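Novice: Here are the chains, one letter per residue:
2 protein chains.
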Amino acid sequence: MITFTKSLSKLIGHFEKFPGIGPRTAQRLALFILKQPESSIVDFSKALLEAHRNVGHCKKCFNLTSEEECEICRNTERNQKIICVVAETRDLLALERSREFKGTYHVIGGLISPMDSISPELLEIRSLVERVSKSDIEEIILALTPSVEGDTTSLYIGKLLTPFTKVTRIAYGLPMGSELEYVDEVTLARALEGRTNLI
Amino acid sequence: MITFTKSLSKLIGHFEKFPGIGPRTAQRLALFILKQPESSIVDFSKALLEAHRNVGHCKKCFNLTSEEECEICRNTERNQKIICVVAETRDLLALERSREFKGTYHVIGGLISPMDSISPELLEIRSLVERVSKSDIEEIILALTPSVEGDTTSLYIGKLLTPFTKVTRIAYGLPMGSELEYVDEVTLARALEGRTNLI
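Top to bottom, those sequences are chains L and P.
The numbers in the working numbering rise by one with no breaks, and the one at position 123 of the first sequence is 123.
The numbers in the working numbering rise by one with no breaks, and the one at position 176 of the second sequence is 176.
Next comes chain L alone, as it looks inside the complex (with noise of 0.2 Å):
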């Protein structure tokens, strides 16, 4: 078996960190790189650290921002008394993307998972009950993946706001274009638990 020059490895080893990179998508994310001109790596080089020193967090929701509050918690024309609860900011990305939602955000950074050693207190979820308790909250709607970890994060959440204003989880069940027989069976289950009066 051929193996690689030694920084062609490491390099191979850097991509492979990257979530949802293979070893062969790697490879050949390190092969292109060796292809291209080398102002283009030094600008990439430099592309890298300084998104990495300019973004921050945003000091209320914890969106990615390069400012104090992010342009959403600034945002007058959204509805600042409903909070939307997300995982990660792709999640609040891909809310955005439905543009459906005209509220704010909280990104608690990750969802409770004993299995991984994230408790509570690595999340933004203390910073998510000051909020709601000081200023004048009129829902909580929590957005977290259907799963074991986000059902647990959606109810210890859930307890802490209770006391608080009204707390909604989105809705779970078929996506929108699906084959009901190639459905899932837990989502098919949790779509029938979910069902709405139709008129």
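Treat the hints as calculated values from the structure; they're not laboratory data.
Small disclaimer: the values here were computed from a predicted structure and weren't measured.
Treat the hints with care, as some may be off.
One copy or two, it doesn't matter: identical chains are merged, so the pair holds either way.
Taking lysine to any residue pairs in the SDA-like style, the calculated list, with each CA pair at most 20 Å apart, reads [said to hold, decoys possible]:
id	residue 1	residue 2
1	Lys46	Phe18
2	Lys81	Arg190
3	Lys10	Ser45
4	Lys17	Glu193
5	Lys6	Leu93
6	Lys60	Arg131
Given the coordinates of chain L, work out where chain P should sit on it, guided by the hints.
Specialist: Relative to the frame of chain L, chain P by itself:
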């Protein structure tokens, strides 16, 4: 729609340039970068530049190496009289993974494609002809993808090299484990065309 901070957008743009990386994956990779400690970003940047500077092409077969000649060309246990022609280093690596081939390679660096203005002169075909004409080569095995470009390149190289030595092409046919009913018609046609005697 939420806009990213400038430095984050820039970083996402860099990731989008990688092969096979779409906007969503680019976003995920960039967000991953933000979560890393600065030291690993610095390490990654260094690895990028180091690999780019240290790794060059074997002067004989154009495989990647940090020496004059790659380890396959230097390996005396490999049959130097058989050359397998591949388009890219990643194809060479795929063949090496199969552990089936014990000869040497020639990486031409792409396929002839008038649509993308890749003419034969841009590929390592001249060096291949020189290599074959100057040494005692028993067989050239063309291992290029079955596509218009692959076939064109195979034919082009075949015409140049048949005066010197035997030129063969790897088989096209049903992939192992495939269900005949799901195999596309072009593959089926090629498989029929390439049928061999059973005994």
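Novice: Take the hints in turn and mark each one as holding or not.
Specialist: Checked hints:
In this assembly of identical chains, the alpha carbons of lysine 46 and phenylalanine 18 lie at most 20 Å apart whether taken from the same copy (18 Å) or from different copies (16 Å). Taking CA atoms no more than 20 Å apart as the test, lysine 81 paired with arginine 190 passes in neither setting, with 29 Å inside one copy and 64 Å between copies. In the homo-oligomer, the alpha carbons of lysine 10 and serine 45 lie at most 20 Å apart both inside one protomer (16 Å) and across protomers (11 Å), since each shortest distance falls under that limit. Taking CA atoms no more than 20 Å apart as the test, lysine 17 paired with glutamate 193 passes in neither setting, with 39 Å inside one copy and 44 Å between copies.
In this homomeric assembly, lysine 6 and leucine 93 come within 20 Å of each other (Cα to Cα) only across copies, at 16 Å, whereas the closest approach inside a single copy is 38 Å. In this assembly of identical chains, the alpha carbons of lysine 60 and arginine 131 lie at most 20 Å apart only when taken from the same copy (8 Å versus 66 Å across copies).
Violation of the numbered hints given earlier is confined to hints 2 and 4; the remaining hints are satisfied by the structure.
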